[in-house]
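Engineer: Chains as they are written, first to last, in the working numbering: chain A, 1070 to 1861; chain B, 67 to 298.
In case anyone wonders, no lab produced these hints; they're calculated from the structure. Beta carbons: idealized from backbone N, C-alpha and C, even for Gly. One or more of the hints may lead you astray.
Computed Cβ-Cβ distance ranges for the label pairs, DEER-style [to be verified]: (1) Q1493(A) / E71(B): 33 to 39 Å; (2) F1424(A) / F146(B): 36 to 42 Å; (3) K1084(A) / E71(B): 54 to 60 Å; (4) Q1493(A) / T137(B): 56 to 62 Å; (5) Y1807(A) / E83(B): 51 to 57 Å; (6) K1084(A) / T137(B): 53 to 59 Å; (7) Y1807(A) / E142(B): 33 to 39 Å; (8) T137(B) / V1416(A): 33 to 39 Å; (9) K129(B) / V1416(A): 52 to 58 Å; (10) K186(B) / K1086(A): 47 to 53 Å; (11) F146(B) / S1462(A): 48 to 54 Å; (12) F1424(A) / K186(B): 34 to 40 Å; (13) K1815(A) / D140(B): 51 to 57 Å.
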Amino acid sequence: MFKLNLKIALRNLWKNKTSSFINVIGLAIGLAACLMLLLYVTYEWNFDKQGKNAENLYTVMTNIPGDNGKISNTFEGSTTALGPLLKEEIPEIKHLARMNYLKKALIAVGENSFKKLGKFAEPEILKLFDYQYIVGNAATAMQNPKSVILTESTAKVLFGSTQVLNRVVKYQDKEDLTVSAVIKDLPDNTSATLKFDYLMPWAFYEMVEASAKELNWGNFSFVTMALLDPNADITKVNQKIDKVVKVHLEQANQPYFLYPLNKLHLYGKFENGVNVGGDIEQIYLFVALAFGILMIACINFMNMATAKSEKRAKEVGIKKTIGANRVSLIMQFLTESMVLTFIAVIVAIALLEIFLPTFNNLLNIKLSIGYFSASSWMWILGIVFLTGLIAGSYPAFYLSAFNPIQTLKKRIKSGGILAINLRQVLVVGQFCFAIILIISTMVIYRQIQFIKNRPMGIDVNALVEIPQDGELKTKFEVVKSQLLKSGAVTAVSQSSVGLSHRGQNFMDVKWEGMTKPLNTQLFNQVATTYDFIKTNGIKLKEGRDFSKNFASDSAGVLVSAAALKVFGYTNPIGKTVTIFDDKYTIVGVFDDYVWDSPYQSNNPVIVFFDPNRTGTITMRLNEENSIAQNIVAITEITKQVNPAYPTDIKFLNSIYLEKYNSEKTLGILSNLFGGLAIFVSCLGLYGLVAYSAEQRTKEFGVRKVLGASLLNLMQLLSLSFVKMIIVSIIIAVPLSFYLMNKWLMKFEFHTEISWWIIPIAGFGTLIMALVTVSFQAYKSAKANPVDALKYE
Amino acid sequence: MIKIENLEKVYKTEEIETTALNGINLHVKEGEFVSIMGPSGCGKSTLLNVMGLLDKPESGSYKFIDTELLTLNDRERSNFRKRNMGFVFQNFNLIDELTVFENIELPLIYNKVPAGERKKLVNEIIGRMNIVNRSGHFPQQLSGGQQQRVAVARALVTKPKLVLADEPTGNLDSTHGNEVMELLCELNETGTTIVMVTHSSHDASFSNRIINLKDGHVISEKINKGKTEELI
């Protein structure tokens, strides 16, 4: 029976080439889009889930208290004192390791030097994560403080080989470290805090970083990760932690809690200390998008199949007469849709192979189809089965229900009232989806433009920065004067962090006339020396920049307009603020500038004068020279002073562009898949019109003989379809307005949805549909009426 | 073999009600060849459809070797039909996507006959119908007469007790028509009961008994003497 069904399916496909083509191409596009998005979703979903301990790994989160007993901020990070305490007091913790955040640092073999992501961690990290050792092993890899574990690609870059046990590398141009192990590269979807190029023991960290050695409760620059007993109850463990921290440390007012590491990537957003989702929302969106497109393709299949029912009715009648029951007919039609889906998935995989590199480039990730993994085939086959079932079930139930006498004796009215309505509903649904995607794309694009056009408070054009490493720290003044003399730059400044940076937050601020006992507003801090305002193009509102003419500036601060608002000073210059118990005088007030997310107001900034807190050198390029010329000059000078380090020049405008990445991804995806949705919908429309034209060939012939014009006939054929598109527009426009407004409300700074988006989306869709319909309508209206009539 | 009593069938549309069968009583003996004749719209095709369990009457009784068929549900009707009945239509009703062989094989598949036996049975009947060299062809590649032979072959392959033929020669020229009628006669001679609806008195002359319908009533019955004697 199955063989026969298969034969009928294949012969039918071959016989109706146009509709088969439309179905296969439509489904293939739908499947390719769906598979592509699902690959992406799987990639995101599996973040930090690869290791065998992944289920029981937790990271310490810290809650920052705010006003009215609420929690103002929650982040992954903790202090050095917490880890040892937890290890001692919480029996459920099997292993625990303190580590730092990742930092790019110099690692070299002879002349071969690179800045790579280095990490320091306590040896128990090797028990938390089951790294795959190429050489060396977990037992010995972190015994010697001056040892280093390299990843495979780091080893290859440095040595050209992975067989490098006991070879020596130089860290930050100072310390010699012995390679104690080489491990396989970490998966791409590993959290940024864990994805190192080389790993060094905490004991060595204590030698190079004083803050790592002391057990302190005030510096949150560390990460603590723990492996819990599989039977541990995380709620109880967290209650214990709360208690233990309070008993051991009275002044500890920040509650810590353990949070599953494998959830942090997608569920990383906290409000008042409670998780409120995170990037998982985007994942839901992409899954909806994936299945939406696939659904559109399935609808094409259903519509074509039911539209052609008249042709198939006879076959159903015959089979029923000679003994087929309904189940066997349903099986036959389902086989047909499965066969079609199977062909489509082969085309889809080919499409995927062609477009995946582009997609990877767009999103800056590395996705690939795991041809050798059983699970990816299970997924693919699962989707084929599901698609075949969805696309095939409605036609199967519809066609198999035909009454044999009617089908054999009379002509079956194609559809019946209900079927025609359902087909219309499906077409309207398809176009609604497409229009919503078009409007969303436009709104997302407008929002990105809006944010990009928002004044940033700094002039990032012609601004570059380099990390202040090695000799650049000690010989900054020399480098600065050489750079200025070379004419490559017009201004240079050093600062503890780059213009765009992660929050360097603190709260211990007091000001004159402060009414509440404790400050609850997080401030951001930057330490610099001279020319900070000038180099960065920040607008000074009052006072002045730090100056060599005022020795007292070492106790002076510059504050942002937002900071001034918190202090409530009317004449700020000369007023004082107390920070970490030290008194500072305000010498200048500058306009707020964007250093964090451009979508919301950033925390107020206080700029200190401190030549010892180095980090980044920022330079304003001389725009009279070519950029290349300037870069060559800068490279030459820095290389001369600091030969051990590669010169790593970054343009601030490209750093700032990265801030738009996640919205850009959303824009790209909705653009791409919106386009595909429209295309597949139009493909289906074309099929329906073509079929309707075929059915009405005789009617058209008669009408033409009676004097109908080409336009009359085109109207006749197009009108019913155009009506459906108009209904879709009427439904989709308010819906997408509602949805996009909701999306925009997520952003503190957001654009409004302009009225002109409606006509553009509406007419755009209508025109595309009209072109599709007219093409076929013209073809059939133009046909010779005699040909149509002599068929009888 | 067949006992039909007080059969009534009404077709309803929004505006009108048409009584297609109005208290039909009909008995058919095993091995008989019965023709049903009458003007267009007299109910003869409806009667055939009811006999073939393709349509349900409003009331009456339809017994097939003592089994009442009108009380069966859809699945039972379908099962009964595929085991006991074969159909031949005016417009052949072959499946365009299947070859001659596959078309004939289809009812055997629905009757769950094992593949080996199916092949044997199909080849046997193809030989009998003289269409051996056409078995790999598709219906569109055959003449009308050949298509009807295939249809007859398909009706007979399951060795049904009853063959229902609806104007089997309606779409054929007289030569091919006669061929098909002779085929039905041969079949009847081997013991198969045949009920045929026809407009043609020539075709009806091949049967043992001719029943005339008008407005849903049986108005006359005629024994075809020459044939009956043969039967006796």
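Engineer: Against each hint, give a clear statement of whether it holds in the structure.
Structural biologist: So, going through the hints one by one against the coordinates:
no.: 1; hint: Q1493(A) / E71(B): 33 to 39 Å; in the structure: 48 Å, violated
no.: 2; hint: F1424(A) / F146(B): 36 to 42 Å; in the structure: 56 Å, violated
no.: 3; hint: K1084(A) / E71(B): 54 to 60 Å; in the structure: 47 Å, violated
no.: 4; hint: Q1493(A) / T137(B): 56 to 62 Å; in the structure: 41 Å, violated
no.: 5; hint: Y1807(A) / E83(B): 51 to 57 Å; in the structure: 52 Å, holds
no.: 6; hint: K1084(A) / T137(B): 53 to 59 Å; in the structure: 42 Å, violated
no.: 7; hint: Y1807(A) / E142(B): 33 to 39 Å; in the structure: 54 Å, violated
no.: 8; hint: T137(B) / V1416(A): 33 to 39 Å; in the structure: 52 Å, violated
no.: 9; hint: K129(B) / V1416(A): 52 to 58 Å; in the structure: 57 Å, holds
no.: 10; hint: K186(B) / K1086(A): 47 to 53 Å; in the structure: 37 Å, violated
no.: 11; hint: F146(B) / S1462(A): 48 to 54 Å; in the structure: 29 Å, violated
no.: 12; hint: F1424(A) / K186(B): 34 to 40 Å; in the structure: 53 Å, violated
no.: 13; hint: K1815(A) / D140(B): 51 to 57 Å; in the structure: 56 Å, holds
Checked against the numbered hints given earlier, the structure breaks hints 1, 2, 3, 4, 6, 7, 8, 10, 11 and 12 and satisfies all the rest.
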